[in-house]
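Peer 1: Starting from the known structure of chain W, arrange chain P with the ligand on it as the hints suggest.
Those protein sequences? They're chains W and P, same order as listed.
So that you can map any letter, position 177 of the first sequence is 177 in our numbering, and since no number is skipped, the others follow by simple counting.
Just add 1000 to the spot in the second sequence (first one is 1) and you have our numbering.
Read the hints as simulated data drawn from the structure, not as lab findings.
Quick caveat, the model's predicted, so the values are computed rather than measured.
The reader is advised that the hints may include incorrect statements.
FRET-style restraints, in silico, Cβ to Cβ [as the list claims (entries may be wrong)]:
1. W:K13 to P:A1364: 44 to 50 Å
2. W:K35 to P:I1330: 50 to 56 Å
3. P:A1364 to W:S2: 26 to 32 Å
4. P:P1162 to W:L125: 54 to 60 Å
With a straight-line Cα cutoff of 27 Å, these simulated DSS-like cross-link-like pairs (lysine-lysine) come out [what the hints assert, rightly or not]:
5. W:K13 to P:K1085
6. P:K1085 to W:K109
7. W:K109 to P:K1012
8. W:K165 to P:K1066
9. W:K35 to P:K1085
10. P:K1331 to W:K109
11. P:K1336 to P:K1066
12. P:K1082 to W:K109
13. P:K1052 to W:K165
14. P:K1181 to P:K1246
15. P:K1246 to W:K35
16. W:K109 to P:K1009
17. P:K1082 to W:K165
18. P:K1009 to W:K165
Built from N, CA and C at the ideal position, the CB exists for glycine as well.
The chain contents come next:
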Amino acid sequence: MSYCVNCGVELQKSEPRCPLCGTEVINPNELKEEKPIRPYPAHVEHLDKNIDRRYIASFVSLLLLIPLFTAMLANILVSKQLTWSYLVLGGELVLFTVFLLPMIARMPKILYAVIDASAVSVLLLLIRVLTQSSWRWFLLLGLPITLLTTVMCWFFAMMTLPKCKIPVLIRFTFALTCIGLLVVAIDFFISLYKNAIAWPTWSLYVLFPCLVLASSLLILNRRARVKEELKKRFYF
Amino acid sequence: MSKNKKPTKWMKLDNAALIYPATMNRNWTALFRLSATLTEPIDEDILEVAQKRTLRRLPWFAYRLKHGLFWFYLEHSDDLPKIEKDVANPCVRMRLNENDGFCMRVRYYQNRIAVEFFHVLTDGTGGQVFLQTLVAEYLRLKYSVNIPRGDKILDCSEEPKPEEAEDSFAVYSGKITQTRKEVKAYHINGTDERNGFVHIITGSMNADDVLAKAREKSVSVTEYLTAALILSVDAIQRRKVPSIHKYKPVKLSVPINLRNVFPSKTLRNFANYVNPGIDPRLGEYTFDETLNIVHHTMAMEVTKKLLNVKITTNVRSERNTVLRLTPLFIKNMALKYVYSQVGDVLSSTTISNLGVARLPEEMAQYVRRMDFILGPLADNRVCCAALTYHNRLRINFTRTIAEPWLEREFFTRLVKLGIPVKVESNQRE
Ligand SMILES: [Zn+2]
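This is chain W alone, in the form it adopts within the complex (with noise of 0.2 Å):
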């Protein structure tokens, strides 16, 4: 039993000093006797991360205004109006939905592609205003393929979540075909826009391969054995 000489408290064996006024505890009899166990770990957690990632992501968004107001003004000084610099305003939108918003703001995760894919198009709509090129060009190839991406992208997303229950060898199965018919449809968007609705040609090298590989996926699923090897090597 040891006693703070200063507050009249008796200290716990394993207080090293009194926690009230901080007088270290000598108590001559009970030198030799080992370290008793302290009633809590030593591991601290520590509180800030995540702040200083979103301080940090705000902080680059205030930035890209810069080198914005920058292209702005040059572009006034030399053409008496606003031209190209839309499309660095464009370019910086999407720079900022895709990889900034996200440690900014927390929202539905469908939110995110869905302002990812209208930046996107905003570029895309600057870019066809200002080199005035036909609305073909947008409609047929830059707003089609944008938006099969983006809900490609929104599928994979949702997939390696923690959440998602499907097995992971028929998640490969259904991202491979996936990429496949993307690949289909990419092609016949470019045969729409060269005004001949043609069967798909160079598409079909990447489907097949895609398909195969698939289906083998398929297969390997339902061997039990090699799915567990398989999870064991390639865990992630």
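Peer 2: Leaving out everything else, chain P with the ligand in the frame of chain W:
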């Protein structure tokens, strides 16, 4: 499990819980913690199974906090919270995105099982039922002891009972409301602890000693401790504030378990507060005077009628149509403001006494010790919580400033009153 008896998939927050998600921020969550120290080191695997079985009986604790358009709500999850290793600073803020969205966490260290609860789920009484059921399941799995179950230690083979998830505030609210203007209280300030370290100092004493002292003055143990704590805060204010004209009232927030007043079986929040205190500008108070004030304030305020009025006032403001139709993010700002005016600022600190934990003999032989710790409060830098078990009354102080002024003042005061105190802490070596 039959289909129709499955727990409701989502539920509204109870009336007292509404304020907690609104006031939480990146570094602060309203938490409290209950722990039981056993005789042998904890087996994590068994604890995990025990948790699973306990959550099946008490699904109200496996709910995640979600944003609605107008209110937060709780959504049931079939997943299980991860069992965590304990840390040096208990009750450090709970990040819901890191915690899988769960509003509680089970942590273990050496012989101790601790559960930290976010206040949206429950209050101390509900938390204690959860902890005791969890520990009973753990002991049953580990030592195959047969522990008699009742309403404090639930039988995990039974179905969940809907009345345990009732919002009793709504049930027991009446017709008459009343708003009272309270003045702000003195706050202890000190050096901020960087990185959010939470200091815990535990003072334990013989419960019979304290009870005898309280009986001597014909008051309850809670009243006795409250009076001693009021005078401790008062002493600090007199030391730190130079002028008598600048003294502020010293008031303590004392939670009242409403289940003792109303016949509720809920395991969610069902508590209210009484703020007994003194006005130091009027002169120095003796211990007996303070005891008298505390005793009579409690007698006056802890009555069915007055508590009913308080509950009704709170429930009515929740039902205000304008407030209900306000989008959540605006409502949050409003609630934050309201809390900054009528929350913590009205009291100097909190003392929450959960009373005596009684376990059946079959279980008590495996449980050495039980603790109750409040998480740091929003504005007050020190607060304390008490729980008696095995004739040891343990008072845990939680502090987010560097200086242990209040603890020293309080424990030395008890020693002077003739109650021997033994202290331990989570101080770093
Ligand atoms: Zn001392």
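Peer 1: Run every hint past the structure and note whether it holds.
Peer 2: The hints, checked one at a time:
| no. | hint | verdict |
| --- | --- | --- |
| 1 | W:K13 to P:A1364: 44 to 50 Å | violated, 24 Å |
| 2 | W:K35 to P:I1330: 50 to 56 Å | holds, 55 Å |
| 3 | P:A1364 to W:S2: 26 to 32 Å | holds, 29 Å |
| 4 | P:P1162 to W:L125: 54 to 60 Å | holds, 55 Å |
| 5 | W:K13 to P:K1085 | holds, 23 Å |
| 6 | P:K1085 to W:K109 | violated, 31 Å |
| 7 | W:K109 to P:K1012 | holds, 24 Å |
| 8 | W:K165 to P:K1066 | holds, 22 Å |
| 9 | W:K35 to P:K1085 | holds, 22 Å |
| 10 | P:K1331 to W:K109 | holds, 24 Å |
| 11 | P:K1336 to P:K1066 | holds, 18 Å |
| 12 | P:K1082 to W:K109 | holds, 24 Å |
| 13 | P:K1052 to W:K165 | holds, 20 Å |
| 14 | P:K1181 to P:K1246 | holds, 20 Å |
| 15 | P:K1246 to W:K35 | violated, 48 Å |
| 16 | W:K109 to P:K1009 | holds, 22 Å |
| 17 | P:K1082 to W:K165 | holds, 18 Å |
| 18 | P:K1009 to W:K165 | holds, 20 Å |
Consistency note: the structure conflicts with the earlier hints numbered 1, 6 and 15.
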